[in-house]
Amino acid sequence: MFVLDIDEIRALASEIASKDVENEFYVLKNALLEKYGVLLPEGLKIAALEKFGDIASAPILYENVTNSIIRKKMQEGENNITIKNPRALYRIGVLGFLEPVNFNLTIEGNVGNFFGAFCNFYGTWTIKGHAENGLADKGYCGKFVVDGLATELVGQNNQSTSYSHGVDILVRKGCMERAMAQARGGNLVTFGAGFNSGIYMSDGILINLGNPGEQFGSGMVGGVIYTRQGTTPGKGAMIKKLDENDYVKIKNTLKIFEQELLIENLNDFSHTNTKLVFTNIKHDEIDFKEFEKIVADENTMH
Amino acid sequence: MCGICGIMIDDAELRHPHVGSLLQDMMESQQIRAQDGAGVAIFNKTNSSETFRIKSFRENEGNYVSNETSSSQEKLDENLISLYDNDGCTFFSLENEMTLIKEVGLAKDLDKKHSIRKMEGSHGIGHLRIATSSRVTPYNTHPFSTTILPDIAIVHNGEITNYDMLRDSLELEGYNFYTDSDSEVIAVFVASRILKHGDIERAHREFIAKADGPFTYIAATPDSLAIVRDKFGTRKGIIGYNPGTKEHPPFWAMATDLSALDVIGATTKIETPHPGKPKIFFRN
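Chains as they are written, first to last, in our numbering: chain A, 1 to 302; chain B, 303 to 586.
Since the hints were made in silico from the structure, they are not lab data.
Fair warning: this is a prediction, and the values are worked out from it, not measured in the lab.
Here a beta-carbon is modelled for each residue, glycine too, at the ideal position from N, C-alpha and C.
Some hints could be false.
Cβ-to-Cβ under 10 Å is the rule here; a few derived chain B residues that face chain A [what the hints assert, rightly or not]:
| id | residue |
| --- | --- |
| 1 | Ser331 |
| 2 | Gln333 |
| 3 | Lys533 |
| 4 | Phe534 |
| 5 | Ile540 |
| 6 | Leu560 |
| 7 | Ala562 |
| 8 | Asp564 |
| 9 | Ile572 |
| 10 | Thr574 |
| 11 | Gly578 |
Sample of chain A residues lacking proximity to chain B, with all beta carbon distances greater than 12 Å (derived) [what the hints assert, rightly or not]:
| id | residue |
| --- | --- |
| 12 | Asp5 |
| 13 | Ser18 |
| 14 | Asn23 |
| 15 | Tyr36 |
| 16 | Gln75 |
| 17 | Glu78 |
| 18 | Val94 |
| 19 | Thr106 |
| 20 | Gly123 |
| 21 | Lys138 |
| 22 | Gln182 |
| 23 | His271 |
| 24 | Thr279 |
Generate coordinates for the entire structure from the input sequences, incorporating the hints supplied.
Shown next as structure tokens:
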């Protein structure tokens with residue numbers, strides 16, 4: 001297992017920081033090459049100076065170096081990577097692999113906007129903290145587990161293509177607004193979701209195990225949202241009762257996170273056995289008889 | 303994509319040495335969001351006196367210089383009218399216990415110039431601006447204050463899409479505007495409603511009901527700090543709590559980005575304010 005503490009990179013940069021910002025970039029570039037084997041792109045110097053006035057305080061430096069180190073370790077065959085002290089840095093885990101890669105990533109702390117955007121991996125990426133806007137944005141393949149909450153646009157543009165089924169996401173403490181916005185596939189299981197979740201969904205599954213939501217599924221044309229009764233549908237969406245097939249879909253989706261949610265009786269779950277016991281969260285027992293589904297309102301579709 | 307932040311110390315002391323430093327950390331951690339301007343408003347009741355400070359920017363061949371005039375309560379209206387009639391000057395703050403500072407540029411440069419980290423108080427707000435609808439000038443930088451009531455400041459992330467209509471209606475009521483920024487309308491509206499109803503929560507609720515567009519703003523008065531999101535929650539806002547240590551007291555913090563709460567350890571009791579419902583903290 002490889003452990004990267006981003007505070008070590010911060011300390012290195014702060015040690016090198018000087019009034020000579022031009023020179024600072026090259027000293028830092030050499031130090032990072034020597035210590036981590038990664039090369040800073042020249043464009044980063046211009047961007048850092050233009051936006052932040054120096055190199056050492058530019059967050060884009062830390063994003064770039066962190067992702068380069070992850071990429072390098074991956075290519076060297078490492079398949080378990082832990083990141084410490086992310087301090088809500090933006091865009092960690094944006095790696096740009098065209099083919100799916102196989103590795104687990106654990107983040108000890110909070111992640112910033114667009115964590116894991118465009119991801120394409122097999123394995124589990126676990127965030128032991130909170131996640132910000134656009135978690136797994138335009139993700140193709142992979143499994144995410146967020147121990148805390150996630151802000152807006154979780155799983156936005158979740159991709160389903162001829163070679164990927166989309167990203168599977170579990171958010172233990174709930175999502176803010178517009179979860180699974182414009183999702184084209186994938187699955188999201190969450191204990192609460194904000195306004196306009198499922199807006200413009202065209203495929204995929206959102207299971208909201210938390211309180212009823214508001215304005216779910218506005219403008220949706222496909223996919224399905226399972227949520228507690230009392231949720232209001234948005235314009236272009238409608239509420240329906242669950243049928244036998246829905247219980248199969250819920251079971252298959254929860255199966256992805258069976259290990260994380262410690263669901264005791266998932267194998268017996270069906271339209272006749274509608275209660276599930278979650279043993280590692282406060283919502284001990286959930287009866288899916290209290291759930292309904294929100295789907296596209298075919299009467300409003302053209 | 304502006305960045306906003308606010309902090310309120312959770313005890314009865316009025317003058318903590320940490321407020322400026324904590325706000326500065328929060329602003330620098332969100333610098334990635336915006337780089338056109340930075341500003342703070344910090345409240346320190348021990349500063350209050352019988353005189354008011356009227357602050358304005360004076361333009362001189364494209365450069366802006368900050369001016370400060372002292373005024374008694376009796377002469378306040380006269381001084382404000384005189385400032386309004388002065389073409390070369392743009393009002394930006396009416397202060398008693400509040401200190402409002404704003405500049406074009408980065409947060410770290412604001413601190414270098416004004417020693418924000420040394421500012422003391424019970425609560426404060428900060429802003430990082432990326433210009434969208436108005437020019438990059440110091441007076442369009444946040445926080446925005448008003449001449450309606452002293453010691454009110456707001457910072458805003460988003461857009462008020464019916465800004466023209468709201469501004470017209472407030473101008474018809476007799477309230478003055480000093481910039482072309484849509485954010486100023488929040489300050490003027492909220493101050494006018496506090497003046498009218500004497501109820502901060504009602505003032506924010508009325509703004510939510512009247513305003514269109516995506517927004518989150520933080521508003522500070524001498525006794526309150528409020529975070530307000532539009533009714534659909536189309537702009538982010540997060541609240542967190544730091545339970546305190548031997549070195550510093552407990553405090554509430556609020557911001558656009560999680561990084562701002564993370565950097566000051568305000569990561570317990572993290573919550574997101576409900577869209578359309580103001581979340582208000584009152585000074586102990």
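Checked hints:
1. Ser331: holds (8 Å)
2. Gln333: This hint holds: glutamine 333 of chain B lies near chain A, its Cβ roughly 6 Å from the closest one there, short of 10 Å.
3. Lys533: Since the shortest Cβ distance to chain A is 8 Å, the answer is holds.
4. Phe534: Holds - the Cβ of phenylalanine 534 of chain B comes within 10 Å of chain A, reaching about 5 Å at its closest.
5. Ile540: Holds, because the Cβ-Cβ distance from isoleucine 540 of chain B to chain A comes to roughly 7 Å (cut-off 10 Å).
6. Leu560: Check passed: Cβ of leucine 560 of chain B comes within 4 Å of chain A, closer than 10 Å.
7. Ala562: Hint holds; alanine 562 of chain B Cβ to chain A Cβ min 8 Å, cut 10 Å.
8. Asp564: holds (5 Å)
9. Ile572: holds (6 Å)
10. Thr574: holds (5 Å)
11. Gly578: This interface hint holds because 9 Å falls under the 10 Å limit.
12. Asp5: holds (15 Å)
13. Ser18: The claim stands: serine 18 of chain A keeps its Cβ more than 12 Å from every Cβ of chain B (closest is about 15 Å).
14. Asn23: holds (20 Å)
15. Tyr36: Non-interface label on tyrosine 36 of chain A holds, nearest chain B Cβ at 22 Å vs cutoff 12 Å.
16. Gln75: holds (28 Å)
17. Glu78: Consistent with the label, glutamate 78 of chain A stays out of reach of chain B, its closest Cβ about 26 Å off (over 12 Å).
18. Val94: holds (14 Å)
19. Thr106: holds (17 Å)
20. Gly123: holds (24 Å)
21. Lys138: The claim stands: lysine 138 of chain A keeps its Cβ more than 12 Å from every Cβ of chain B (closest is about 19 Å).
22. Gln182: holds (15 Å)
23. His271: Answer for histidine 271 of chain A: holds, closest chain B Cβ roughly 34 Å.
24. Thr279: holds (24 Å)
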